[in-house]
Each structure stands twice: as C-alpha cells, then as structure tokens.
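So the protein lines, in turn, are chains A and B. Taking this note's numbering, the leading residue of the first sequence gets 1241, the next gets one more, and so forth. Taking this note's numbering, the leading residue of the second sequence gets 16, the next gets one more, and so forth.
These are computed hints drawn from the structure, not numbers from a lab. Wrong hints could be hidden among the right ones.
With a straight-line Cα cutoff of 30 Å, these simulated DSSO-like cross-link-like pairs (lysine-lysine) come out [what the hints assert, rightly or not]:
| id | chain 1 | residue 1 | chain 2 | residue 2 |
| --- | --- | --- | --- | --- |
| 1 | B | K83 | B | K73 |
| 2 | A | K1311 | A | K1258 |
| 3 | B | K126 | B | K64 |
| 4 | B | K64 | A | K1311 |
| 5 | A | K1305 | A | K1258 |
| 6 | B | K64 | A | K1297 |
If you want the footprint, here are the derived chain B segments under chain A, 3+ residues with CB under 8 Å [as the list claims (entries may be wrong)]:
| id | stretch |
| --- | --- |
| 7 | 28-34 |
| 8 | 117-125 |
Because the structure is a prediction, the values reported are computed rather than measured. Beta carbons are placed, not taken as given, at the ideal position from N, Cα and C, and that holds for glycine.
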Amino acid sequence: EAQVTQNPRYLITVTGKKLTVTCSQNMNHEYMSWYRQDPGLGLRQIYYSMNVEVTDKGDVPEGYKVSRKEKRNFPLILESPSPNQTSLYFCASKGSTSYNSPLHFGNGTRLTVT
Amino acid sequence: AQSVTQLGSHVSVSEGALVLLRCNYSSSVPPYLFWYVQYPNQGLQLLLKYTTGATLVKGINGFEAEFKKSETSFHLTKPSAHMSDAAEYFCAVHNAGNMLTFGGGTRLMVKP
C-alpha cells in the first residue's frame, strides 16, 4: 500500500532533550516536506526537500533540522525542543516537483514539550 | 507573499443541506489552488485542485469548487451534506519556491 509513515504517533518530552521524528514513503517520491499544524493557523511548512541531499527552509524553520540522505526518508530533528514546539506535525510527499502535483500526508505526530 | 483566508473556523449544517466553505487567496501570479480534507486522527487528503482551464472543478465525495479570479476566491460546495462529511477542510495555494500555503482551516459539523 502506498503510504507515508511517521513515527512515533505521540511523543511527550522535556525541554532541551533532543528528539527525532522519522518519516518514510514507499512511493519513490522526489519531494518531501514537514508541516506543523496549530489551531487557527492551519499548516505551516517547516522544511522541504526536492531530492536527495537537497533541502530548503519553509515558513517556520527555526529550531528544526532535517536531512535527506536517502530518497525514502526525511527525518525531522529537534536539537533542543522548547514548549512552543508543542504541535501536531505532518510529513508529506509528492511524486513530482511540479506545482500541480498533490501531496500525500502521513497520519501525524503529536508532540508535547514540557 | 501569497496568503489564504478561510472565513469561519467552524461551520455547522444539517444533514442534506448545502455545504459552503469559503476561501479567499492573494497571489501575485496565477495560482494553483487546492482543497484538502482532514478526518479525525488522520493526515490530509486531496479533495480537488485547480491549475488551469475550467474554473469549476469537481472533486471526490461530491464536492466541487469554483475559481473566481475577479473575487480571488475558491469556495468549496456540496449540494447535500452527509454525516460522513464532518471533518476539517483546508484551502491552500501554491506559491513560489515550491511551497504550499494553507488557510487556517474550517471545521465542518453535520447535524442529523
């Protein structure tokens, strides 16, 4: 089944403790992206990647890192999480970098930073 | 920079009634416009998209949207609401740099 898989689904951590949220897609998609969803703000893009070893900042990249060493994986790294990074995170991918290609989303990771 | 405004964070309709979810965008170039739906505890799924051509776009589950350039709008409609339509709906516009800008979302509630 074609899908985008995120892990974990739920994560509670403390301020300053490094964490990684994994994202993997099995559709051989070139483009991958991370979003955070906050009430009333919709989804805001954190980082995106057009291909292996190519990453770019989105609207809200501060406090996050990403890497794209393989086509299928696009982990999100929080080196020193803070409470304002408590949010619902989504990974997404699409098969083409063209503007009209739709995104395929994972089921989300709910992160709480205390 | 492009932006998307969804009027009404919550919309409530009765089953069988018309659904109208509003979306206005700002864009300095011809936009690519999308509607996504999010069911509880799931990621977003594409409902429909406008790129070029016909301004009335039909999507899945009986939804459609009309691109009106003069009004910078892309409202989502469905003639008759079903209980299964209860979800959160997001309008989005594709902007430069291969980034998608989302509106704040509208939660649709369907009353029996």
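So if I understand the rule, the pair passes when the alpha-carbon distance is 30 Å or less; does K83 (chain B) with K73 (chain B) pass?
holds, 15 Å
Take the C-alpha atoms of K1311 (chain A) and K1258 (chain A), compute the straight-line distance between them, and say whether it is at most 30 Å.
holds, 24 Å
For a C-alpha distance cap of 30 Å, please report whether K64 (chain B) and K1311 (chain A) respect it.
holds, 26 Å
Counting residues of the stretch 117-125 of chain B whose CB is closer than 8 Å to a CB in chain A, do you get three or more?
holds (count 4)
Examine the stretch 28-34 of chain B for residues whose CB is less than 8 Å from any CB of chain A, and state whether their number is three or more.
violated (count 0)
Straight-line alpha-carbon gap K64 (chain B) to K1297 (chain A), limit 30 Å
Holds, because 25 Å separates the two Cα atoms, which is no more than 30 Å.
Given the hinted pair K1305 (chain A) and K1258 (chain A), is their Cα-Cα distance within 30 Å?
Cα-Cα ~11 Å, so holds.
Keeping to a limit of 30 Å between CA atoms, is the pair of K126 (chain B) and K64 (chain B) held or broken?
Between K126 (chain B) and K64 (chain B) the Cα gap is close to 27 Å, so the pair holds against 30 Å.
Hint check: a violation occurs at hint 7 only; the rest are consistent with the structure.
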